[in-house]
Amino acid sequence: MGNRTPLYKAHLAAGGKLVDFAGWDMPINYGSQIEEHHAVRQRAGMFDVSHMTVVDLTGAHVRDYLRRLLANDVDRLKEVGKALYSCMLNATGGVIDDLIVYYLRDDYYRMVVNAATREKDLAWLVEQAVMFDVTVKERPELAMIAIQGPDARDTVLEVLDPNRAAIAATLKPFVGAFAGDWFIARTGYTGEDGFEIILPGDAAAGFWRDLRAAGISPAGLGARDTLRLEAGMNLYGADMDETVTPLESGLAWTVAWEPPDRDFIGRDALETQRREGVACKLVGLLLEGKGVLRNHQKVIVGNDGTGEITSGSYSPTLQRSIALARVPRDAGDNCQVEIRGKLLPARVVKPPFVRNGKALIEL
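FYI, the numbering for the sequence shown is 9 to 371, going by the numbering used here.
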């Protein structure tokens with residue numbers, strides 16, 4: 009038996025198929041992954057993401073701590089509640105984890121990190137906090153529900169009590185705010201608009217019921233994965249890990265090079281790589297024929313060598329097979345993928361594939 013979120017019984021009652029995910033019993037789907045995917049793209053769906061790790065960081069020098077800890081720069085956060093996506097690197101530039109951090113006060117930031125990396129992340133956060141006198145506090149008593157899709161915001165505003173709804177209605181994209189002991193953020197991992205709401209665990213089941221009563225469909229980890237892949241969003245442990253840098257993972261845009269004297273962990277290694285050039289890059293693939301692209305399939309890029317699919321799946325929105333793949337830096341616009349002993353043609357494209365329900369690549 010794995011760890012269980014406060015919504016475990018709700019998943020069982022809804023017919024959720026539970027699987028082990030990073031030590032948690034989580035729903036992979038509630039009957040049809042494709043229907044759940046379409047619900048999010050066309051209307052609204054909700055995900056239990058309470059397995060994610062919420063960490064509160066406090067102290068007079070917490071900003072300096074985060075400017076050292078993260079490849080992106082929290083100095084960019086001028087508005088209270090503003091969120092920043094960043095990688096947290098080791099000394100060689102490898103990605104320890106990717107995460108979101110919210111600026112709440114000059115002495116208070118909230119961070120959300122991945123469930124599968126919880127233990128090493130917390131150990132790293134604590135180790136680096138010592139010299140800055142920062143307090144690292146995990147918040148396991150909290151739950152987290154993501155509501156995503158074109159109808160998500162309007163529906164959630166109808167479900168929330170008037171005070172919380174008034175605060176949620178003012179949020180800009182990538183901004184969060186406290187509404188009492190609930191934290192409501194206009195963020196997500198699907199390529200659709202919506203909210204991620206962090207709330208007390210004992211309030212989660214009631215809120216989940218209210219959302220269902222308002223017509224929002226529950227969606228599992230399967231749909232969450234195909235949605236994020238269509239949106240061109242990396243998955244830790246698949247598209248990046250401690251063996252690759254952000255520059256090799258399509259995440260160069262998350263590295264804040266200015267000011268040049270900010271000495272973040274891993275900077276020296278990234279500067280060298282930036283100067284000499286990367287050996288490989290992360291690209292999108294669109295399979296030209298029938299077949300399904302899967303993780304770890306070999307990618308043949310002519311005289312430039314070979315690469316590998318890091319995330320691959322069937323795209324319900326495009327009704328084609330898509331993937332993220334790490335290939336040699338000089339790879340061109342076409343390649344072949346080895347599927348069951350056959351080489352099938354694929355086109356190299358720039359992610360995202362889909363955003364806000366619309367295809368962004370030519371089929």
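Any given hint might turn out to be false.
Calculated cross-link-like contacts (lysine-lysine; reagent style DSSO-like; alpha-carbon spacing at most 30 Å) [what the hints assert, rightly or not]:
no.: 1; residue 1: K128; residue 2: K289
no.: 2; residue 1: K17; residue 2: K180
no.: 3; residue 1: K25; residue 2: K180
no.: 4; residue 1: K86; residue 2: K25
no.: 5; residue 1: K90; residue 2: K25
no.: 6; residue 1: K128; residue 2: K145
no.: 7; residue 1: K90; residue 2: K17
no.: 8; residue 1: K180; residue 2: K145
no.: 9; residue 1: K180; residue 2: K358
no.: 10; residue 1: K145; residue 2: K289
no.: 11; residue 1: K289; residue 2: K350
no.: 12; residue 1: K366; residue 2: K306
no.: 13; residue 1: K17; residue 2: K86
no.: 14; residue 1: K90; residue 2: K306
no.: 15; residue 1: K298; residue 2: K25
no.: 16; residue 1: K298; residue 2: K90
no.: 17; residue 1: K289; residue 2: K306
no.: 18; residue 1: K298; residue 2: K358
no.: 19; residue 1: K90; residue 2: K145
no.: 20; residue 1: K358; residue 2: K306
no.: 21; residue 1: K180; residue 2: K366
no.: 22; residue 1: K86; residue 2: K145
no.: 23; residue 1: K350; residue 2: K306
no.: 24; residue 1: K90; residue 2: K180
no.: 25; residue 1: K289; residue 2: K366
The hints are simulated quantities; they were obtained by calculation from the structure and are not laboratory data.
Taking the hints in turn, this is what the structure says about them:
Between K128 and K289, the direct Cα distance comes to roughly 26 Å. Compliance with the 30 Å bound is thereby established for this hinted pair. Restraint check for K17 and K180: not satisfied, since their Cα atoms lie roughly 33 Å apart, outside the 30 Å limit. Taking the CA atoms of K25 and K180, the gap is about 35 Å. The hint is violated against a cut of 30 Å. With a C-alpha separation of about 43 Å, the suggested pairing of K86 with K25 is violated against the 30 Å cut-off.
With a C-alpha separation of about 35 Å, the suggested pairing of K90 with K25 is violated against the 30 Å cut-off. Of the pairs offered as hints, the one joining K128 and K145 holds, with about 15 Å between alpha carbons and a cut-off of 30 Å not exceeded. Proximity of K90 to K17 is assessed by CA-CA distance (about 34 Å); at most 30 Å being required, the pair is judged violated. Of the pairs offered as hints, the one joining K180 and K145 holds, with about 27 Å between alpha carbons and a cut-off of 30 Å not exceeded.
Restraint check for K180 and K358: the C-alpha separation of about 27 Å stays at or below 30 Å, so the hint holds. For the given pair, K145 sits about 36 Å from K289 by alpha-carbon distance, which is inconsistent with the 30 Å threshold. Distance check on the hinted pair: K289 and K350 sit about 24 Å apart at the alpha-carbon level, within 30 Å; holds. Our distance criterion of 30 Å between C-alpha atoms is met by K366 and K306, whose separation comes to about 29 Å.
Between K17 and K86, the direct Cα distance comes to roughly 41 Å. Violation of the 30 Å bound is thereby established for this hinted pair. A hinted pair counts as satisfied when its Cα atoms are at most 30 Å apart, and K90 with K306 does not qualify at roughly 40 Å. Restraint check for K298 and K25: satisfied, since their Cα atoms lie roughly 28 Å apart, inside the 30 Å limit. This hinted pair does not check out: K298 and K90 have alpha carbons roughly 43 Å apart, beyond 30 Å.
As the CA atoms of K289 and K306 are separated by approximately 15 Å, the hinted pair is consistent with the 30 Å bound. About 21 Å separates the Cα atoms of K298 and K358, which keeps this hinted pair within 30 Å; it holds. For the hint pairing K90 with K145, the CA-to-CA distance comes to about 20 Å; that is within 30 Å, so the pair holds. As the CA atoms of K358 and K306 are separated by approximately 19 Å, the hinted pair is consistent with the 30 Å bound.
Proximity of K180 to K366 is assessed by CA-CA distance (about 21 Å); at most 30 Å being required, the pair is judged to hold. For the hint linking K86 to K145, the alpha-carbon distance of about 23 Å falls within 30 Å, and the restraint holds. A hinted pair counts as satisfied when its Cα atoms are at most 30 Å apart, and K350 with K306 qualifies at roughly 11 Å. Among the hinted pairs, K90 with K180 is consistent with the structure: their alpha-carbon atoms are about 9 Å apart, no more than 30 Å.
Between K289 and K366 the CA atoms are separated by roughly 25 Å; this keeps the pair inside 30 Å, and the hint holds.
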